[in-house]
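*Asks:* Sequence:
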Amino acid sequence: MKHYTCDYCHNEFEPTRRRVQKYCSNTCRSKAYHYRKTASNTLPSSQLKNDNISATTAPPQPKSESISAAGIGNAAAGNIIADGLKAFLTSSENKPATKKDIADLKSLITRRYFPINNIAKNQFGQSPFYDMDTKNVVYMNTN
Numbered sequence: 023m024k025h026y027t028c029d030y031c032h033n034e035f036e037p038t039r040r041r042v043q044k045y046c047s048n049t050c051r052s053k054a055y056h057y058r059k060t061a062s063n064t065l066p067s068s069q070l071k072n073d074n075i076s077a078t079t080a081p082p083q084p085k086s087e088s089i090s091a092a093g094i095g096n097a098a099a100g101n102i103i104a105d106g107l108k109a110f111l112t113s114s115e116n117k118p119a120t121k122k123d124i125a126d127l128k129s130l131i132t133r134r135y136f137p138i139n140n141i142a143k144n145q146f147g148q149s150p151f152y153d154m155d156t157k158n159v160v161y162m163n164t165n
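Here the numbering used here is used: the first residue of the sequence shown is 23, the next is one more, and so on.
Read the hints as simulated data drawn from the structure, not as lab findings. Being a predicted model, the structure only gives us computed values, none of them experimental. One should not assume that every hint holds.
Claimed, not checked - With a Cα cut of at most 27 Å, we get these calculated DSSO-like pairs of lysine-lysine:
no.: 1; residue 1: Lys117; residue 2: Lys128
no.: 2; residue 1: Lys157; residue 2: Lys143
no.: 3; residue 1: Lys108; residue 2: Lys121
no.: 4; residue 1: Lys44; residue 2: Lys59
no.: 5; residue 1: Lys85; residue 2: Lys59
no.: 6; residue 1: Lys85; residue 2: Lys122
no.: 7; residue 1: Lys53; residue 2: Lys24
no.: 8; residue 1: Lys121; residue 2: Lys157
no.: 9; residue 1: Lys85; residue 2: Lys44
no.: 10; residue 1: Lys128; residue 2: Lys157
no.: 11; residue 1: Lys122; residue 2: Lys157
no.: 12; residue 1: Lys108; residue 2: Lys85
no.: 13; residue 1: Lys44; residue 2: Lys24
To be verified - What follows is a list of derived Cβ distance ranges for each label pair:
no.: 14; residue 1: Ser90; residue 2: Leu130; range: 48 to 54 Å
no.: 15; residue 1: Phe35; residue 2: Ala99; range: 23 to 29 Å
no.: 16; residue 1: Gly106; residue 2: Arg133; range: 36 to 42 Å
no.: 17; residue 1: Ser88; residue 2: Met154; range: 55 to 61 Å
no.: 18; residue 1: Val42; residue 2: Asn63; range: 25 to 31 Å
no.: 19; residue 1: Leu127; residue 2: Ser90; range: 43 to 49 Å
no.: 20; residue 1: Ser47; residue 2: Lys121; range: 46 to 52 Å
no.: 21; residue 1: Ser52; residue 2: Lys108; range: 33 to 39 Å
no.: 22; residue 1: Asp105; residue 2: Ser62; range: 44 to 50 Å
no.: 23; residue 1: Gly106; residue 2: Ser47; range: 28 to 34 Å
Backbone N, C-alpha and C define an ideal beta-carbon position, used for all residues, glycine too.
Work out the full structure: start from the sequences and follow the hints.
*Replies:* In structure tokens, the structure reads:
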């Protein structure tokens with residue numbers, strides 16, 4: 023298959039369409055369009071070709087992204103502010119339960135047996151109860 027050269031980045035690529043492609047990707051096509059729009063405002067029309075970027079001026083190279091201390095500080099400050107606002111604006115009913123909350127609830131339960139109301143009594147007339155220690159249903163007399 024024939025390889026073409028991208029009109030923007032000048033890399034070779036294999037076309038993916040039937041007709042002749044000028045650009046290797048939509049990104050290069052979009053960047054070339056924006057470059058032509060800015061170049062047409064700054065350069066005389068004699069330097070621009072028909073639908074092609076002028077060979078006398080090279081397309082601008084993309085900026086390389088780098089990590090800076092200021093960027094890290096801004097990100098950390100933003101996260102702290104967002105977490106603080108979330109904690110401040112969330113009501114206590116909507117906050118998730120913690121292990122301490124669950125332990126406090128367990129400490130409130132002082133009884134071992136809890137009556138079960140939706141199960142009938144057995145043949146001996148004993149009522150069903152849930153045993154919190156063994157996690158079983160037991161039948162006991164209510165007297």
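*Asks:* It remains to establish, for every hint, whether it holds in the given structure.
*Replies:* Structure-based check of each hint:
Between Lys117 and Lys128 the CA atoms are separated by roughly 19 Å; this keeps the pair inside 27 Å, and the hint holds. A C-alpha spacing of about 19 Å is found between Lys157 and Lys143, which places the hinted pair at or below 27 Å, so the restraint holds. Restraint check for Lys108 and Lys121: the C-alpha separation of about 21 Å stays at or below 27 Å, so the hint holds. Proximity of Lys44 to Lys59 is assessed by CA-CA distance (about 17 Å); at most 27 Å being required, the pair is judged to hold.
Taking the CA atoms of Lys85 and Lys59, the gap is about 19 Å. The hint holds against a cut of 27 Å. Restraint check: the Cα-Cα separation between Lys85 and Lys122 comes to about 50 Å, which exceeds 27 Å; the hinted pair is violated. A hinted pair counts as satisfied when its Cα atoms are at most 27 Å apart, and Lys53 with Lys24 qualifies at roughly 24 Å. Between Lys121 and Lys157 the alpha-carbon distance is near 21 Å, which keeps this suggested pair within the 27 Å criterion.
Pair hint Lys85 plus Lys44 holds up; C-alpha atoms about 23 Å apart against a cutoff of 27 Å. At most 27 Å may separate the alpha-carbon atoms for a hinted pair to count; Lys128 and Lys157 meet this at roughly 14 Å. With a CA separation close to 22 Å, the supplied pair Lys122 and Lys157 stays within the 27 Å bound. Only pairs whose Cα atoms come within 27 Å are accepted, and Lys108 paired with Lys85 is rejected, the gap being roughly 35 Å.
Proximity of Lys44 to Lys24 is assessed by CA-CA distance (about 13 Å); at most 27 Å being required, the pair is judged to hold. Distance hint for Ser90 and Leu130: a CB-CB separation of about 52 Å, consistent with the stated range 48 to 54 Å. In this structure, Phe35 and Ala99 break the distance hint of 23 to 29 Å, their C-beta atoms being roughly 43 Å apart. The beta-carbon spacing between Gly106 and Arg133, approximately 41 Å, falls within the hinted interval of 36 to 42 Å.
Between Ser88 and Met154 the Cβ separation comes to about 60 Å, which falls inside the hinted range of 55 to 61 Å. The given range of 25 to 31 Å is respected by Val42 and Asn63, whose C-beta atoms sit roughly 28 Å from each other. The given range of 43 to 49 Å is respected by Leu127 and Ser90, whose C-beta atoms sit roughly 48 Å from each other. Distance hint for Ser47 and Lys121: a CB-CB separation of about 51 Å, consistent with the stated range 46 to 52 Å.
For the hinted restraint 33 to 39 Å between Ser52 and Lys108, the CB-CB distance of approximately 37 Å keeps it satisfied. Restraint check, Asp105 to Ser62: a C-beta distance of roughly 47 Å satisfies the suggested window 44 to 50 Å. Taking 28 to 34 Å as the suggested C-beta distance range, the pair Gly106 and Ser47 does not conform, at roughly 42 Å.
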